[in-house]
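Participant: Chain by chain, the residues run as shown.
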Amino acid sequence: MSLAEESSVVSVFTEEEEESLNRRYTLWIKEALDELPHNFTITDPFLSGHPIVFASLGFLKMTGYSRAEVIGRNGKFFQGPKTNRRSIMEIREAIREERSVQVSLLNYRKSGSPFWMLFHMIPVFGRDDGKVINFVAVQVPISGRDHHRKLTSVGDDVSSLDHSEFVFGSCRREVCFGNFVQHRALPVECDDDEQGLEDWEYCEASESEKLRAVEAINNVLSVLTRYSELSGRLVCGKRYCLRGVDCLSSSLVISLGRIKQSFVLTNPCIPDMPIIYASDAFLTLTGYKRHEVLGQNCRFLSGVDTDSSVLYEMKECILKGQSCTVQILNYSNRKDKSTFWNLLHISPVRNASGKTAYFVGVQVEASCRNTESKELRPETKQLSVVGAVRVAVRSSFMVTC
Amino acid sequence: MLLKIKRVPTVVSNYQKDETVEEGGCGRNCLSKCCIDGATLPLYTCKNLNKSIGEKSEAPVKFLESLVLGEWEDRFQRGLFRYDVTACETKVIPGKYGFIAQLNEGRHLKKRPSEFRVDKVLQPFDGNKFNFTKVGQEELLFQFEASSDDSRIQSFPCIPLEADSPSVVAINVSPIEYGHVLLIPRVLDCLPQRIDHKSLLLALQMATEAANPYFRLGYNSLGAFATINHLHFQAYYLTMQFPIEKASSLKITSTNDGVKISKLLNYPVRGLLFEGGNSIKDLSDTVSDASVCLQNNNIPFNILISDSGRQIFLLPQCYAEKQALGEICSKLLDTQVNPAVWEMSGHMVLKRKEDYEEASEEKAWRLLAEVSLSEERFKEVNTMIFEAIGLSSHEVAEEEEEEQSSMNNGFIRVHCPSVKDEEACI
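Going line by line, the protein sequences match chains D and E. For the first sequence, the UniProt record's numbering assigns the number 1 to the initial residue and increments by one for each residue that follows. For the second sequence, the UniProt record's numbering assigns the number 1 to the initial residue and increments by one for each residue that follows.
Simulated from the structure, these hints should not be mistaken for lab results. From the three backbone atoms N, C-alpha and C, an ideal C-beta is built for every residue, glycine too. Hints may contain errors.
Stated by the list, open to error - Distance condition first, Cα-Cα at most 30 Å in a straight line; then the derived BS3-like pairs of lysine-lysine: (1) Lys322(E) x Lys82(D); (2) Lys263(E) x Lys355(D); (3) Lys355(D) x Lys76(D); (4) Lys76(D) x Lys62(E); (5) Lys91(E) x Lys82(D); (6) Lys246(E) x Lys322(E); (7) Lys246(E) x Lys238(D); (8) Lys96(E) x Lys82(D); (9) Lys260(D) x Lys289(D); (10) Lys260(D) x Lys381(D); (11) Lys281(E) x Lys96(E).
Said to hold, decoys possible - Listed below are several chain E residues computed to face chain D (Cβ distance under 10 Å; list not exhaustive): (12) Lys4; (13) Val8; (14) Pro9; (15) Pro60; (16) Glu71; (17) Ala87; (18) Asp164.
What the hints assert, rightly or not - Covered stretches of chain D (in silico footprint by chain E; criterion: 3 or more residues with CB under 8 Å from a CB of chain E, positions within the stretch not fixed): (19) 99-113; (20) 267-281; (21) 341-354.
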C-alpha cells in the first residue's frame with residue numbers, strides 16, 4: 001500500500017476500544033500478546049457492537065489488514081456471502097450462551113479472496129464476579145488436505161492408508177467416494193484452490209489443526225491470566241461463580257448495544273434503584289463517563305430548578321409499576337454544564353420469569369425532536385427503544401449455562 | 001366424510017366475535033367500506049431486493065425494526081392486547097435441542113370450542129366469517145410494500161390507505177411473544193388462506209428487510225391450525241435459536257435458479273429446507289411452487305421463514321386429520337397444544353401449569369413426531385413437490401442416493417457444483 005493510501009485509512013476504533021485491554025490487564029498486555037505466534041483476536045462484549053479490541057500480528061498477516069483497520073470491527077467483518085450460515089449461527093449462539101465453540105469457517109481477506117480456517121472461541125470470565133470479560137478467538141488456517149475423514153467407513157478397506165496423503169488433484173471436482181478409494185492419489189497442489197473454495201459446503205480440519213487451536217487458546221489464556229493477576233482483577237477460562245444478580249450477561253449487553261438512542265436500565269430490586277446499564281448515547285447526552293453513572297441513582301441529573309412534583313410523579317409510577325412520560329429539567333456534565341429539557345419516558349421491564357426485573361428510562365432532549373416527514377415520529381422512536389429493551393431482556397435470562 | 005375438530009379459536013383481533021354472532025355496519029373504525037374513507041396509516045416501502053443483504057446481529061437496530069417495535073409498544077401501553085405476554089413465564093427446556101416453553105394461561109379463553117373443517121386446505125373466502133377487514137384501524141401498525149424499482153427505502157408517517165391493494169401489518173391481540181404481528185397481503189382483496197407467489201415474496205421481503213435473525217415469519221395453512229381463512233403471515237421477536245434451526249439437514253438437490261433443497265435430519269418433524277437462489281424471488285418462487293402443489297393435493301403444511309429470509313422451512317403435517325379420526329392419544333390432546341408453525345419450530349405455548357412444569361424434550365419430541373408425516377408419506381409428498389418445481393424425480397433420486405452413501409457418519413461432503421465429469425477426481 002502506498003503512503004498516500006495508508007494515510008487515507010480511517011481508523012474505526014474509539015478510545016474505549018483501544019484502552020479496553022489495558023484497563024483489565026495492565027499496559028504491558030499488548031506487548032506480551034504480540035510475542036505469541038498464533039492468529040487470534042480478542043473482543044470486548046461490553047462495548048457497543050462487540051468489537052475486536054486486539055488482533056495478533058499473525059491474524060493481521062493472515063487476513064491482510066492493518067491493525068487500525070481491524071480494531072473496532074465486529075468479527076463478522078471477515079465473513080462474506082459464501083460463509084456457511086449454520087456456522088455463523090453456531091458462533092452467534094455460543095456468544096449468546098457464553099460458552100466456547102469450535103467450527104470450520106470461511107473467511108475473506110482484505111483482497112477479497114476466501115480462505116478456510118478452524119475457528120475456536122472461548123469466553124474469559126472474571127474470577128470474582130463470573131462475568132464474561134472477553135471472548136478470545138483463535139483462527140487456524142485449514143490446509144484442505146484432510147477434508148474427508150470417514151473414508152474407512154465407505155467401500156473398500158483403506159484403513160492402512162494414511163489419510164493426509166489423499167490430496168485432490170483439483171478441488172473443483174465433485175468427490176465420488178466409490179471411485180476415489182480405488183485410486184490412491186498422489187499429493188498434488190491444488191492450483192485453482194481459491195476458485196473453488198467458496199463453493200465448498202464444509203471443510204473439516206485435521207486433528208493436528210484442532211490441537212494447534214487448543215494450544216493457541218491455552219497460550220493466549222495463560223498470558224491474559226498472568227497479566228490479570230498483576231492488575232489484581234483475575235480472569236480465568238472457567239466460570240467460578242454464578243454471575244451476580246446485578247450483573248448483566250454479556251449477551252444482554254451486546255443486544256442493548258444495538259440500540260443507538262439514549263437510555264438507561266435501573267434495578268428496582270436493589271436499594272436506591274441504581275443504574276445498571278447506560279447507553280453510549282446517554283453518556284454523550286449527559287456528558288458523564290460510564291463509571292460515573294453505573295451504580296448511581298438517576299437523581300444526579302436533577303438540580304435546583306428541577307420540578308419536584310415531576311420527580312414525585314415518577315416515583316409514584318415506579319412504585320405502582322406503571323409507565324409514564326414526563327418533561328424534566330436535567331443538568332448535564334457537558335463542558336458548558338448546560339441544562340436541558342428531557343422528555344423522559346420510563347417503564348417497567350420484565351424478564352423471562354415474567355416479573356419486573358428493571359426499569360427503562362429513555363431520554364429525548366426536547367430541542368432535538370425532529371419532525372422530518374421521512375423519519376419515525378419522535379414518540380414512536382422513543383417507544384421503539386422500550387420495545388427493543390423488552391425483547392432483549394425477555395430472552396437474556398433464558399440462557400441455560 | 002367431513003372431517004372436523006373442535007377448537008377454541010385464537011383471538012387475534014379485538015373485533016373478532018363469536019362466529020355465530022354477526023354485526024352489520026359499524027362505528028368500529030374497521031377497514032370495510034363503512035369506515036375506510038379517510039383512513040390513514042404509515043407506509044413503509046422497502047427496496048425490491050435482489051440479494052440478501054448482509055445482516056449482523058450486533059448491528060444497530062434497523063428502521064423497520066424500530067417501526068414495528070415502536071408501534072407495538074404504543075398499542076401495548078394503550079392496552080390493546082388481551083394480556084401482557086412479557087408477564088408469561090418462559091424457559092428453555094433442558095436438552096440437546098433447547099425447546100422453548102411458555103406458560104400462557106390467558107391466550108386461550110375458556111370459551112365454547114368452535115368447529116373447524118380440517119379436511120380441506122383450500123376453502124373459499126367467506127365474508128360472513130371474521131376476516132381482517134373487520135379489525136379496528138387502531139390494530140393496524142403500518143402498510144408494507146416493496147417498490148417496483150431499486151429505489152431507496154421510504155417511509156411516510158401518515159399516508160392514506162391506498163385504494164388499490166394495501167398490504168398491512170397488524171397486531172395479534174393474543175401474542176405469543178413481544179412484537180407478535182400479522183402481515184396481511186392486499187388486505188382489501190380478501191384473499192383466502194392460501195400461498196400465492198406474490199404474497200410469499202412479500203413475506204420474504206419483510207424478513208429480509210427486518211434483517212434480524214430473531215424475527216421470523218410463519219404461515220399455517222388451513223388444516224394446519226390456521227384459524228382465520230383470510231391470507232396472513234405471523235411474525236414476532238425472540239432472541240433465541242429455534243430448535244428447528246439447530247437441526248442438521250441433508251441436501252437433496254438444487255434447482256436451476258440455485259435454490260438448494262434439503263431435508264431435515266434428526267428432528268421429530270420431517271420437512272424440507274429451502275435456501276440460496278440467485279435472487280430472493282427465485283427462493284420465494286420455488287417455495288411457492290412447492291406450497292401450491294401441497295395445497296392442490298390437499299396436504300396441510302406450515303412454513304417458517306428464518307435467518308432473515310435466507311432459510312425457509314416447509315413442513316407438511318397431518319395432525320388435524322389424525323385428531324378428527326380419533327388417532328391422537330388423550331394425553332396429548334389434553335395439553336391442547338395445537339401444533340402450528342411455532343410449535344413445529346420448537347416454541348411451545350402451554351396452557352396448563354402442570355404441562356409447563358413437567359415439560360421435557362422427550363415430550364415435545366413425542367408431540368411433534370405425531371404431527372409429522374411418516375417417512376413413506378413424506379417421500380411421496382417430496383416426489384409430488386419435485387415434479388411441481390420442475391425437477392425430474394429421476395435426477396433427484398440419483399442425487400439422494402449419492403448423498404446417502406456419503407452421509408454414513410453424518411459427515412457433510414464437499415460439493416463443488418461446477419463440474420460434470422467425475423472420473424477426473426485424481
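Participant: If a hint holds in the structure, say so; if it does not, say that too.
Facilitator: Structure-based check of each hint:
As the CA atoms of Lys322(E) and Lys82(D) are separated by approximately 42 Å, the hinted pair breaks the 30 Å bound. The straight-line distance between the Cα atoms of Lys263(E) and Lys355(D) is roughly 40 Å, outside the 30 Å bound, and the hint therefore fails. The suggested pairing of Lys355(D) with Lys76(D) is violated, with an alpha-carbon distance near 35 Å, which exceeds 30 Å. Distance restraint check for Lys76(D) and Lys62(E): the Cα-Cα separation of roughly 17 Å lies within the 30 Å cut-off, and the hinted pair is therefore satisfied.
For the proposed pair Lys91(E) and Lys82(D), the alpha carbon gap of about 34 Å is over 30 Å, so the pair is violated. The suggested pairing of Lys246(E) with Lys322(E) holds, with an alpha-carbon distance near 28 Å, which does not exceed 30 Å. A threshold of 30 Å between alpha carbons decides the hint, and for Lys246(E) with Lys238(D) the separation of about 25 Å falls inside it, so the pair holds. The hinted pair formed by Lys96(E) and Lys82(D) meets the criterion: a straight-line CA distance of about 28 Å does not exceed 30 Å.
A C-alpha spacing of about 17 Å is found between Lys260(D) and Lys289(D), which places the hinted pair at or below 30 Å, so the restraint holds. Note on Lys260(D) and Lys381(D): the hinted pairing holds, with a Cα-Cα distance of about 11 Å set against a maximum of 30 Å. With a C-alpha separation of about 35 Å, the suggested pair Lys281(E) and Lys96(E) falls outside the 30 Å cut-off, and the hint is violated. At a threshold of 10 Å, the smallest CB-CB gap from Lys4(E) to chain D is about 36 Å, leaving the interface hint violated.
Checking Val8(E) against chain D by beta carbon gives a least distance of about 23 Å; that is not within 10 Å, so the hint is violated. Hint status for Pro9(E): violated, given a least beta-carbon distance of 25 Å to chain D, over 10 Å. The interface hint given for Pro60(E) is met, as the beta carbon of that residue sits about 5 Å from the closest beta carbon of chain D, less than 10 Å. For the restraint placing Glu71(E) at the interface with chain D, the shortest Cβ-Cβ distance is roughly 6 Å, inside the 10 Å limit, so the hint holds.
The closest approach between the C-beta of Ala87(E) and any C-beta of chain D is roughly 5 Å, which is under the 10 Å cut-off, so the hint is satisfied. For Asp164(E), the interface hint is violated, since its Cβ never comes within 10 Å of a Cβ in chain D; the closest pair sits about 23 Å apart. Beta-carbon proximity to chain E at under 8 Å applies to 0 residues in the segment 99-113 of chain D; the threshold of 3 is not reached and the given coverage is violated. For the segment 267-281 of chain D, the assignment as covered by chain E is violated, since 0 residues bring a beta-carbon within under 8 Å of that chain's beta-carbons and 3 are needed.
Beta-carbon proximity to chain E at under 8 Å applies to 6 residues in the segment 341-354 of chain D; the threshold of 3 is reached and the given coverage holds.
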